[in-house]
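Asks: When you get a sec, could you build the whole thing from the sequences and use the hints?
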Amino acid sequence: MKHYTIEELDRYRNGDMNLLSRISCAGHLKQCETCRNLLETLKKDDLLLEAVRRNLARFHAATEEPSRDKCRSTI
Amino acid sequence: MAFTTRKSLLSKIKQGDEISWEEFYASYRPLILLRAGDLGLTQTEKEELVQIVMLEFFKGSRDFQYDRCKGRFRDYLKTIINNQTVSILRKRKHLEVGLDDREFILINELEQAWDDEWQGYVMNMAMEELKNCVESVTYQAFYLYAIQGRQSKDVAVFLDMSVNSVYVAKNRCLEQLKKIIADTSESD
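In order, the protein sequence lines correspond to chains A and B.
Residue 1 in numbering that gives the first Met the number 0 is what sits at position 2 of the first sequence, and the numbering runs on without skipping anything.
Residue 25 in numbering that gives the first Met the number 0 is what sits at position 26 of the second sequence, and the numbering runs on without skipping anything.
Note that these hints are calculated values from the structure, not bench results.
For glycine and all other residues, C-beta sits at the position ideal for the given N, C-alpha and C.
Incorrect hints may have been included.
[Stated by the list, open to error] Partial list, computed: chain A residues near chain B (C-beta under 10 Å):
(1) Asp15
(2) Gln30
(3) Asp44
[What the hints assert, rightly or not] Here are the simulated DSS-like pairs of lysine-lysine, each with C-alpha atoms no more than 25 Å apart in a straight line:
(4) A/Lys42 <-> A/Lys29
(5) B/Lys58 <-> B/Lys90
(6) B/Lys177 <-> A/Lys43
(7) A/Lys42 <-> B/Lys152
(8) B/Lys178 <-> A/Lys43
(9) B/Lys58 <-> A/Lys43
(10) B/Lys178 <-> A/Lys42
(11) A/Lys29 <-> A/Lys43
(12) B/Lys130 <-> B/Lys178
(13) B/Lys130 <-> A/Lys43
Replies: Here it is in structure tokens:
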């Protein structure tokens with residue numbers, strides 16, 4: 000059985016594949032545990048990317064935007 | 000700065016290497032500023048904290064031994080930051096005896112936040128390091144598509160590459176990023 004590459008699966012889940020290829024990929028995924036696992040890996044990668052995006056924004060705010068500084072004057 | 004070379008960076012600092020000091024400053028300033036923000040310091044106090052922490056680290060650097068068995072570098076740095084934050088808060092309030100309960104509560108509450116801040120720092124620096132590990136166009140494709148969330152087709156047109164190449168760039172960079180983060184976690 001020929002497996003899909005991670006890029007092909009990434010395109011599949013993003014709807015970035017033509018209709019015929021999508022149908023074919025969906026059929027393959029029903030039978031193939033290896034490709035389903037690869038698809039799960041992509042979902043975990045999404046979480047990592049989300050964390051990276053969040054932290055880039057957080058560090059950018061900490062270093063570049065003094066106006067967002069919150070002074071806890073009550074302390 | 001390559002995370003895997005932190006040990007050698009600290010070693011050079013110990014020998015008084017000026018360039019390594021600049022690397023160290025550039026690398027850790029954002030983390031100290033983030034921590035300072037979470038600890039509720041003002042902008043002026045944040046910059047003051049950066050200077051004091053760097054100075055403290057400089058003073059202690061000749062005696063500092065990088066030995067993971069004795070403790071993690073991140074914990075050593077956290078201790079310096081926390082101690083100097085307390086000093087700044089104390090100065091702010093002109094306290095002669097000590098801090099009030101709320102200040103200690105704040106420091107304790109943020110004890111757990113340090114791990115989160117450190118992980119954020121690791122990811123941030125890993126992204127910086129990634130630029131040196133892959134080709135410029137690969138990094139750009141990854142950044143535009145996976146980080147900025149632009150459409151793969153738009154990125155492909157902009158960078159004059161195929162849509163599939165955008166996906167290849169994304170997954171190649173992600174694998175490299177995971178490796179950098181894993182290496183760092185082992186070495187910190």
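Asks: Run the structure past the numbered hints and jot down the numbers of the failing ones, going up.
Replies: 2 and 9
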